[in-house]
Structures are given as C-alpha cells and as structure tokens.
Amino acid sequence: GAGVSQTPSNKVTEKGKYVELRCDPISGHTALYWYRQSLGQGPEFLIYFQGTGAADDSGLPNDRFFAVRPEGSVSTLKIQRTERGDSAVYLCASSLGQGGYNEQFFGPGTRLTVL
Amino acid sequence: GEDVEQSLFLSVREGDSSVINCTYTDSSSTYLYWYKQEPGAGLQLLTYIFSNMDMKQDQRLTVLLNKKDKHLSLRIADTQTGDSAIYFCAVESGGSYIPTFGRGTSLIVHP
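One line per chain: the protein sequences are W and S, in this order.
With our numbering applied, the first sequence covers 1 to 115.
With our numbering applied, the second sequence covers 1001 to 1111.
There's no promise every hint is true.
[Said to hold, decoys possible] Pair by pair, the computed Cβ-Cβ distance ranges are: (1) Phe1050(S) - Ala55(W): 32 to 42 Å; (2) Glu1014(S) - Tyr18(W): 42 to 52 Å; (3) Val1019(S) - Arg81(W): 37 to 47 Å; (4) Val1019(S) - Ser38(W): 24 to 34 Å; (5) Tyr101(W) - Glu1005(S): 20 to 30 Å; (6) Thr30(W) - Asp1003(S): 41 to 51 Å; (7) Pro61(W) - Asp1054(S): 33 to 43 Å; (8) His1071(S) - Ser38(W): 32 to 42 Å; (9) Glu14(W) - Lys1068(S): 48 to 58 Å.
[As the list claims (entries may be wrong)] Negatives, chain W to chain S, calculated, CB over 12 Å: (10) Ile47; (11) Gly53; (12) Phe66; (13) Ser73; (14) Ser95; (15) Thr113; (16) Val114.
In case anyone wonders, no lab produced these hints; they're calculated from the structure.
Backbone N, C-alpha and C define an ideal beta-carbon position, used for all residues, glycine too.
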C-alpha cells in the first residue's frame, strides 16, 4: 500500500556518536538503494541491495558507514563515529528489481545533523 | 565515471514554457530520467527516456535527447505555480543500474 518510509525524519546527534537510519521499502520490491543528498547537491549513491545482499557498496565513503538488510525488506544504514561532514539528507529508494527500465521510488529522507 | 551537469536556476512566468537542460559525459548511457523534488518531499519520477529514442511526450512534458551532443532537455508546457520545485536529471550508464544525478535546477514560477 504505502510508499517508501524512512525513520526518523530528523536526527540530531553529536560528533562521535553512532546513528541508525531505517528504511521500509515498498512491499515486494527486491532492490533497495541508499543515497546521500547534501545541501544544493543531487543525490549521491551509497549502496544498493538486491534481496538481502549488498550488490554494490562502492558509494560508501569510508568504513564508518555500513548498511544491512537481513530479511530482504527493511534496511538500516549505520554510521559510526559521526562527523560534522556527515550532515545531509539520507534518501532511501526501492524498485521491483534490476534489468531494463527500473523505476526507483524514493522515501522522504532522514535529515541528519551532526553538531 | 559519469558526470551530469545542469544549470542551477530557471525563472519563468506562469503560462509560459519552461526548458530545463542537462548534459552528461558517458556515451554508453541507457536510461535517462527527470525527477521532481518539492520542499520536504522525496524525489518523484516525472518521466524517462531510453537512449534509442530522441523524443518522448507525456501530457505537458516533452523530453528531447541529443545523443551526439550528450544533451537532454525537459520542456514543461503551460508552466503553473505548482510546477515550482527542483528538477533533477539522472543518467544510468551501460552496465550499471545506479543513476548519476545532476545538482538539480530550481524552477521558480511567478504569476
């Protein structure tokens, strides 16, 4: 029924803390994507899941970033030892799968602010 | 990798046509998309074009693709105030299912 949902909508944390951002994709969508959107920029790819496995994590900026999707539906993006430069809107998208035209449906995003 | 460029701002009068332009670098592009982002909302796919097409029309939207010049445009006919938003061009290149996004064009429609 509903579209892609993301929680929390806003997260304020202090430098050095750990945060988890959650994405609930559209039911039945096997592909799930995480993007980061900094102010005045377009979405920047982070990681893509096909089912439970990370098919492409080439966009993760460093090893402080990690994402999981243990049952092939909900995904969690985890950021350790947050830095001020991690402040951005984190977008999640899902799609039916890869191959051919593959429309991605985006969630509203989580705005992360690192103080 | 792919590089996608867009002008940052466009201002039009209500009722006029808007044309938003995008250039990209990878000649092996397959699918090219236009997304709309309104304040506080996620990205919404407006339309897309496959690389073997040079034009696609969908109601008030017309997409033109010039593969030789690696240029994509979105024309919005009879622009309304509700069309005010940021428009993102995104290009998916051969072998990848991950689109590269431009920085977005902020469309301002004034009465």
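These are the hints, each one checked on the structure:
no. : hint                               : result
1   : Phe1050(S) - Ala55(W): 32 to 42 Å  : violated (22 Å)
2   : Glu1014(S) - Tyr18(W): 42 to 52 Å  : holds (48 Å)
3   : Val1019(S) - Arg81(W): 37 to 47 Å  : holds (45 Å)
4   : Val1019(S) - Ser38(W): 24 to 34 Å  : holds (27 Å)
5   : Tyr101(W) - Glu1005(S): 20 to 30 Å : holds (24 Å)
6   : Thr30(W) - Asp1003(S): 41 to 51 Å  : violated (29 Å)
7   : Pro61(W) - Asp1054(S): 33 to 43 Å  : holds (37 Å)
8   : His1071(S) - Ser38(W): 32 to 42 Å  : violated (26 Å)
9   : Glu14(W) - Lys1068(S): 48 to 58 Å  : holds (52 Å)
10  : Ile47                              : violated (10 Å)
11  : Gly53                              : holds (14 Å)
12  : Phe66                              : holds (18 Å)
13  : Ser73                              : holds (18 Å)
14  : Ser95                              : violated (8 Å)
15  : Thr113                             : holds (15 Å)
16  : Val114                             : holds (20 Å)
In summary, the numbered hints that this structure violates are 1, 6, 8, 10 and 14.
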